[in-house]
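K.L.:
Keeping their order, the protein sequence lines are chains G and D.
When we follow this note's numbering, the leftmost residue of the first sequence carries the number 60, and every step to the right adds one.
When we follow this note's numbering, the leftmost residue of the second sequence carries the number -1, and every step to the right adds one.
Hint data in this document are derived by calculation from the structure and do not stem from the laboratory.
Be a bit skeptical, because a hint or two may be false.
Derived CB-CB ranges, DEER-like [to be verified]:
1. D:Gln209 - G:Pro160: 14 to 22 Å
2. D:Glu84 - G:Pro101: 34 to 42 Å
3. G:Gln118 - D:Val148: 39 to 47 Å
4. G:Gln157 - D:Ser126: 45 to 53 Å
5. G:Gly143 - D:Asn30: 30 to 38 Å
6. D:Lys121 - G:Ala121: 17 to 25 Å
7. D:Arg37 - G:Glu114: 26 to 34 Å
8. D:Gln211 - G:Leu153: 51 to 59 Å
9. D:Gln95 - G:Gly102: 25 to 33 Å
All C-beta atoms in this analysis are idealised placements derived from N, C-alpha and C, irrespective of residue type, glycine included.
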Amino acid sequence: MKLLSTGRWLGGLALLLAGCQSPKTIYYWGHYEPVVYAQYQPGKNQPEKLSALLEQDEQKAASKNQPLPPGFHAQLGYLYAQEGKSDLARQQYLLEKQQFPESAVFMDRFLNIKTNGVPLVSTNTATKNETTH
Amino acid sequence: MKRLIDTTLPWLALITLGLLTGCASKPYDYTNYRACPPRSILVLPPLNNTTDMGATYGYLSTVSFPIAERGYYVFPVAVVDQVMKENGLPTAGEMQQVSLQKIHEIIGANAVLYTTITQYGSKYQVLSSTTMVAAEGRLVDVKTGTVLWVGKVNLSQGTSSGNLLVDLVATPFEQAINQSTDQAHGLCVGANAVLFNTKDHGLLTGPYFPQDQKP
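So here's chain G without its partners, still in its complex pose (with noise of 0.2 Å):
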């Protein structure tokens, strides 16, 4: 994105100055932080359309072998649950408790698997849609 070119510079060598051996990164970012401000921006707040870009960076992902970030299936299905599709919803959030134990307590929540008898989220997607901005 050319909004960040010359911050991603400056973070490439803050990570040299800090010492760290390579500009390679652990995970395939692909959309993930422009999905996440674009959620808050008037007009770009668009599920489907954002959920098609992290469907893109899936792929991408896939064929250069790296591993998506932490978050990444997550909000994935989050954009599902608001376009309604919650069977697509649950795979996501099935994935991310996969990769990344220490999501567990709170993907379970969003599969309704009562931890503590507290549940937090509401798996009625008309009211995400109502509450979506």
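Take the given structure of chain G and dock chain D to it, following the hints.
P.N.:
Below, chain D alone, put in the same frame as chain G:
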């Protein structure tokens, strides 16, 4: 002229960075951090102490990359933000007041990163403009409430090309095509890189950091 700007920019940022690290105080004391090293970090939306409404998500949308690349599980920032809003916590201020006990129950994070943005945006002078981002963060262990780490960053980037004539023409146009929020948003990437990666001041590496690259 564009070439000159492109080469001047990184050097100005480098000089600022050099001043930052040169003037930095003694290395951070990581004793508490090493005693309770987290695997997962919940980054809540930042408190925004600036007049720019774009700061909150401009900043939040650049914070996952450096922390995840440092080797931590980072919870999905937009999902957390929206879920909290759906559950009666409409502002960052209220989100940052949630008890550690509740965070443990509902999110299951090992540590929470509380951040505040103190500067964000661009200042336009006659011959140049400067974009600034300043932020601070505090990492807290969820189980004990111990502060594991604090850090702050103040980064600015100038865009003066040094040529009087061109600047008189360039600055209004720059102003027109580059919204200050976008410039500051881009600068957040560098600011967060500095905040979390600077030697002796940044985060220690986490469990997912490649073993062969550990500093």
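K.L.:
Each hint: holds or not?
P.N.:
Verification of the hints:
{"no.": "1", "hint": "D:Gln209 - G:Pro160: 14 to 22 Å", "result": "holds, 19 Å"}
{"no.": "2", "hint": "D:Glu84 - G:Pro101: 34 to 42 Å", "result": "violated, 20 Å"}
{"no.": "3", "hint": "G:Gln118 - D:Val148: 39 to 47 Å", "result": "holds, 40 Å"}
{"no.": "4", "hint": "G:Gln157 - D:Ser126: 45 to 53 Å", "result": "holds, 51 Å"}
{"no.": "5", "hint": "G:Gly143 - D:Asn30: 30 to 38 Å", "result": "violated, 46 Å"}
{"no.": "6", "hint": "D:Lys121 - G:Ala121: 17 to 25 Å", "result": "violated, 44 Å"}
{"no.": "7", "hint": "D:Arg37 - G:Glu114: 26 to 34 Å", "result": "holds, 28 Å"}
{"no.": "8", "hint": "D:Gln211 - G:Leu153: 51 to 59 Å", "result": "violated, 30 Å"}
{"no.": "9", "hint": "D:Gln95 - G:Gly102: 25 to 33 Å", "result": "holds, 32 Å"}
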